[in-house]
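Novice: One letter stands for each residue in the lines below.
Number of protein chains: 2
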Amino acid sequence: MTEITRPTLIIDKEVCLQNIERMVKKAENYNLRLRPHFKTHQAAKVGEWFKRFGISQITVSSVLMAEYFASNGWNDITLAFPLNILEMSRINRLADSIKLNVLLENREAAEVLAGKASNKIGVYLKIDTGYNRTGIPAGRTGRIDSILDILRKNSKLTFKGFLTHTGHTYTALSTNEIFSSHFDALLKLKKLKNRYHKEYPGMELSMGDTPSASICGNFDGIDELRPGNFVFYDLMQHNLGVCEISDIAVKMVCPVVAKHVSRNEIVIYGGAVHFSKDTLQNTDGKQLYGRVIISQDDEKILLDTKNYLSRLSQEHGVIKVTPTHFKQINVGDLVEIIPVHSCLTANMMGHMITTEGEFIEMMPKY
Amino acid sequence: MTEITRPTLIIDKEVCLQNIERMVKKAENYNLRLRPHFKTHQAAKVGEWFKRFGISQITVSSVLMAEYFASNGWNDITLAFPLNILEMSRINRLADSIKLNVLLENREAAEVLAGKASNKIGVYLKIDTGYNRTGIPAGRTGRIDSILDILRKNSKLTFKGFLTHTGHTYTALSTNEIFSSHFDALLKLKKLKNRYHKEYPGMELSMGDTPSASICGNFDGIDELRPGNFVFYDLMQHNLGVCEISDIAVKMVCPVVAKHVSRNEIVIYGGAVHFSKDTLQNTDGKQLYGRVIISQDDEKILLDTKNYLSRLSQEHGVIKVTPTHFKQINVGDLVEIIPVHSCLTANMMGHMITTEGEFIEMMPKY
Chain A
1 MTEITRPTLI IDKEVCLQNI ERMVKKAENY NLRLRPHFKT HQAAKVGEWF KRFGISQITV
61 SSVLMAEYFA SNGWNDITLA FPLNILEMSR INRLADSIKL NVLLENREAA EVLAGKASNK
121 IGVYLKIDTG YNRTGIPAGR TGRIDSILDI LRKNSKLTFK GFLTHTGHTY TALSTNEIFS
181 SHFDALLKLK KLKNRYHKEY PGMELSMGDT PSASICGNFD GIDELRPGNF VFYDLMQHNL
241 GVCEISDIAV KMVCPVVAKH VSRNEIVIYG GAVHFSKDTL QNTDGKQLYG RVIISQDDEK
301 ILLDTKNYLS RLSQEHGVIK VTPTHFKQIN VGDLVEIIPV HSCLTANMMG HMITTEGEFI
361 EMMPKY
Chain B
1 MTEITRPTLI IDKEVCLQNI ERMVKKAENY NLRLRPHFKT HQAAKVGEWF KRFGISQITV
61 SSVLMAEYFA SNGWNDITLA FPLNILEMSR INRLADSIKL NVLLENREAA EVLAGKASNK
121 IGVYLKIDTG YNRTGIPAGR TGRIDSILDI LRKNSKLTFK GFLTHTGHTY TALSTNEIFS
181 SHFDALLKLK KLKNRYHKEY PGMELSMGDT PSASICGNFD GIDELRPGNF VFYDLMQHNL
241 GVCEISDIAV KMVCPVVAKH VSRNEIVIYG GAVHFSKDTL QNTDGKQLYG RVIISQDDEK
301 ILLDTKNYLS RLSQEHGVIK VTPTHFKQIN VGDLVEIIPV HSCLTANMMG HMITTEGEFI
361 EMMPKY
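Chains as they are written, first to last, in full-length UniProt numbering: chain A, 1 to 366; chain B, 1 to 366.
The hints are simulated quantities; they were obtained by calculation from the structure and are not laboratory data.
The reader is advised that the hints may include incorrect statements.
Chain copies aren't distinguished; within one or between two, either way the pair holds.
[Unchecked claim] Cross-link-like lysine-lysine pairs, in silico, DSSO-like; alpha carbons within 27 Å at most:
hint: 1; residue 1: Lys51; residue 2: Lys286
hint: 2; residue 1: Lys188; residue 2: Lys51
hint: 3; residue 1: Lys188; residue 2: Lys116
hint: 4; residue 1: Lys153; residue 2: Lys116
hint: 5; residue 1: Lys116; residue 2: Lys327
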């Protein structure tokens with residue numbers, strides 16, 4: 001900490017390991033394969049921490065990320081993004097060296113895949129269970145059938161099953177809403193399994209968001225779980241009631257550069273280029289970009305939500321504080337900020353440092 | 001274009017050169033020194049384009065950025081960020097090899113600077129002219145005097161003048177509001193010049209935001225202009241009435257990966273990790289993350305605001321379109337998106353490609 005002079009993303013390895021272990025055990029308890037999403041950390045070293053717990057299959061969100069982890073020894077990867085047909089040659093190259101699964105949700109991409117796949121590729125059909133971002137609406141079995149027909153044209157392609165991302169749990173207003181979105185998705189997927197498992201006895205069901213993977217207790221009929229964020233968690237997950245503050249493994253350490261007593265504001269070196277710009281609504285109705293931890297007598301104190309990161313410009317952050325805490329924070333101090341969305345914050349930084357001082361490089365951006 | 005297979009930030013060099021030339025001429029007309037802010041492009045190659053127009057002095061927003069441009073031949077740099085006293089040793093190292101100016105706004109940092117500056121450093125006092133982010137409120141001459149007293153303790157330090165960033169022009173609701181914020185800032189700075197120029201005859205006034213630098217016509221008493229965004233411009237500036245769409249030099253080219261006719265939505269490969277998350281309010285009151293250009297018969301067509309980038313997750317973007325345009329855009333097409341905030345978008349990408357195909361690397365993130 002004493003060597004930090006500019007915004008630095010600190011990662012608590014012990015907390016990460018606990019988060020991984022908890023999810024691994026949960027998957028074991030429910031007889032699920034855990035195929036964690038690696039887009040949150042994007043780091044080979046953090047990937048190694050998963051290997052200790054027997055994880056050998058992963059999820060990624062881009063060809064670039066698949067290539068990066070493949071080159072770091074991962075050989076069973078699901079590319080959980082609608083197939084980008086412009087990247088077919090790189091996908092074929094990847095499938096030559098590792099077990100690769102891709103996602104389809106439309107006939108156009110299925111035709112290109114069937115026409116161009118030159119190596120064995122597993123195919124999941126992406127099902128929209130209510131998030132309304134991507135996927136085939138669960139009831140549209142006509143579209144499913146026609147895509148399956150196309151897949152049969154190329155013997156390199158294997159239909160692996162149905163996959164969903166219940167992303168609407170991220171905007172749930174209560175844990176009950178998470179339970180109900182999850183259960184609704186579960187029922188929709190099971191209905192599809194009932195319909196298709198005779199023809200495709202090996203087919204599986206894959207679900208994946210961190211909120212439901214963390215707190216739900218019914219995975220009946222599900223084969224695979226693909227959460228990602230849980231390795232770090234963040235304020236968004238805490239706000240959803242999905243994790244404790246003590247489960248959040250990443251914090252941004254930022255130097256204090258100015259104080260403005262008339263506004264009870266502290267200015268930090270730490271802005272949109274460090275945190276990204278996701279927000280939560282604070283208890284006062286304002287936008288919150290992060291919560292504040294200060295050091296006092298060698299102790300770390302999490303300040304209440306009257307003290308919060310309230311504004312970000314490119315390199316500046318503005319912390320609103322109460323008059324009491326205003327006096328305790330000085331120019332030249334380091335404060336810690338718990339980020340709203342750890343995936344985007346880590347992606348911004350491109351590297352992290354463990355609390356033990358180990359440097360963790362993330363994958364290159366291009 | 002035909003080689004693009006994933007989100008790619010394209011920069012039109014001709015448009016950049018026009019933007020630079022226009023601002024250079026404006027500065028000449030008003031007898032101002034142009035010290036452009038390089039945080040927008042963060043690229044040595046783009047910096048070279050400024051040199052053609054005689055630019056030799058620049059502004060940056062971090063020590064890291066100062067080091068990067070110093071190592072690329074720039075030897076007169078203003079570090080326009082409140083002095084981060086934790087980086088004093090690097091600041092001293094920089095000041096050993098180039099002409100460096102720093103910003104002060106409080107006594108605490110002034111004391112550290114006076115105590116530790118071991119090479120010649122120019123000092124601007126940051127004045128808050130109404131943006132309420134950083135700076136000494138213009139009327140607080142007591143604080144100004146006490147900082148100037150501290151600076152006198154170290155003969156390496158030279159008071160260079162007063163500097164402001166009229167950042168509230170970015171949230172102006174009309175060009176009139178930009179004019180009035182700018183004029184108000186101008187009067188506040190001139191009042192300070194009147195008060196201090198006898199004691200400091202060499203002192204200057206420096207202003208800097210792109211909105212007022214682009215459209216205002218009164219710079220009486222001002223010595224230096226420090227806009228940055230104008231080199232690229234973006235939708236935010238266009239929305240403010242500060243530039244034409246044709247002045248915007250950067251566009252993100254993104255592959256189309258899915259279509260959902262029931263929602264009139266097009267899904268692109270291009271998300272928060274490419275665009276960052278700044279938004280504008282669209283004509284329908286919704287959040288807009290970018291505007292859409294499609295190619296038709298070798299022609300580029302900017303779609304109206306009924307067609308817009310409406311949602312971003314980590315790697316996905318969702319474009320809302322009218323039924324007519326829905327039919328014209330197909331899976332596997334490339335669409336161009338004009339970003340809301342080019343500084344943050346370019347920062348996200350870490351590189352750009354010119355319309356002529358030249359690769360432009362930006363500064364490293366750490």
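Novice: Are the hints correct? Go through all of them and say.
Specialist: Verification of the hints:
Proximity of Lys51 to Lys286 under the C-alpha cut-off of 27 Å is found in neither arrangement, the shortest distances being 41 Å within a copy and 44 Å between copies. Proximity of Lys188 to Lys51 under the C-alpha cut-off of 27 Å is found in neither arrangement, the shortest distances being 32 Å within a copy and 61 Å between copies. Neither within a single protomer nor between protomers do Lys188 and Lys116 lie at most 27 Å apart by alpha-carbon distance, with minima of 31 Å and 66 Å respectively. In this homomeric assembly, Lys153 and Lys116 come within 27 Å of each other (Cα to Cα) only inside a single copy, at 11 Å, whereas the closest approach across copies is 73 Å.
Taking identical chains as interchangeable, the C-alpha atoms of Lys116 and Lys327 lie at most 27 Å apart only when they sit on different chains, with a minimum of 25 Å there against 65 Å within one chain.
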